[in-house]
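> Sequence:
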Amino acid sequence: MKELIVSTCEKNFIRQAVSQGKRLDGRKFDDLRKLDIKYGLEWGSCVTTLGSTKVVAQVSCDVQVPKTSRPNEGLLFINVELSGMASVHFESGKINDAEVKINRILEKCFRESKCIDLEALCIVAEEKVWNVRVDLNILNYEGNVVGCCSIAALAALAHFRHPDVTSTGEGIIIHSEAERDAIPLTIHHYPVAVSFALFDQGKHIIHDPTALEEHVSDVQLVVCVNSYRELCGLYLEGSSIKTVDLVVRCSSQAAKIAKRLVDYVRDTLQEDQNVRNSNMQVPGLVSCVNEDSLFALSQERLIIKLTDRELQEKIKELTTETEEKLDVEMKDCSNEDMKIVSTGPSSAELVSNLDVKVGLGDKNAWMVDEGGDYSSESENSEVELVQEVSRHEKVIQLELSGDSEEEEVTVLKPENLEQRDLSQKLPKKKKSGKK
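When you line the sequence shown up against the working numbering, it's residues 589 to 1023, in that order.
Treat the hints loosely; a few may be bogus.
List of simulated lysine-lysine pairs, PhoX-like, C-alpha gap at most 20 Å [to be verified]:
# : residue 1 : residue 2
1 : 927       : 616
2 : 904       : 610
3 : 622       : 655
4 : 716       : 655
5 : 847       : 622
6 : 791       : 599
To be clear, the hints were calculated from the coordinates, so they are not data collected in a lab.
Using the sequences provided together with the hints, build the complete structure.
In structure tokens:
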């Protein structure tokens, strides 16, 4: 078995939340996760779901030779399989400590408490007895596996029927269900295992812990109790408990929880029996697979949940803090409290005369040139494009006003165009000619 690695931040966060009376999934300390039991077509098969923890139970029987120490009693064997499918921390094909722990707790809870009448399983004393085998396969490991396995084993044993047997002088005859009805097991009481996680030396007690809460807790306590408030077993893991009153208090809480769980198991058994007696089609374990549902493969994104009450209180607290920060006296502005300030031609600004200004901003910082021309042409461009001149030399012919028959031709280069003002007339050159 690989060790579950939990960071220090997660440990501190969970412990701080527990010290404040909160859990990651939004439950109270004594709340139980959603429990669901589905029975199969065969007798003694069921799927039990406790939150995200899921266990499949199957009860079978065969004829064997009894023990020499108890020749007139049947046999009860419980097998727990915890493979890598349940969690990545477990290895398939290898016996780990978690399997051994769960197996021992369930044997104390069911076999040593004598909840099943083993003498009723005897066929022929010292020769043949029924051997009842309970196989528990953990599909998903998400905390409180012992409690989920105990509920699954109890429901499967109460649902199981073994064939009727007739003993003759020479041997025995095992009848099928078509010949005779199957016989249920004789159960004296219904025990279940209730798990607790203790924090801060027993100051905070959590029922039905998750896998993360079990790993972070100081003490893990499992109390096996039946609906008659009788203690059937006790298992303690972790640091020692200083006070005895803590065990008594946990046992009292476990008795109340056990009664609720046993009542739920009996109700589900009665519903299954009513369906079978009415000759209706038994859905079986197929109903556990919701392939036709839109949310068949949906998964909750957040593990941390808040109740509606806590969420409303948090919203109210944040709203109060925001209102205190924005505590500004709002006043209605009339026409007398406002004035119009001109900022330039065809523009003005509405300014309040009140001392308190909210959302008005500072004074307009734009400068207005009073002597400027606000025509559309000047607004579009302050520089007028006179002429584009390429790099090649161009010859410009200028027609001079005058009566002279002779025309003067001047060649201008690009460098001369940048320095010469074309709006002025070029000076005339004096001609040296004959009169």
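> Against this structure, judge whether each hint is valid.
Tested hints:
With a C-alpha separation of about 62 Å, the suggested pairing of residue 927 with residue 616 is violated against the 20 Å cut-off. Restraint check for residue 904 and residue 610: the C-alpha separation of about 19 Å stays at or below 20 Å, so the hint holds. Distance hint between residue 622 and residue 655 is unfulfilled; the C-alpha atoms sit about 41 Å from each other, more than 20 Å. Of the pairs offered as hints, the one joining residue 716 and residue 655 holds, with about 10 Å between alpha carbons and a cut-off of 20 Å not exceeded.
Distance check on the hinted pair: residue 847 and residue 622 sit about 16 Å apart at the alpha-carbon level, within 20 Å; holds. The suggested pairing of residue 791 with residue 599 holds, with an alpha-carbon distance near 17 Å, which does not exceed 20 Å.
Hint check: violations occur at hints 1 and 3; the rest are consistent with the structure.
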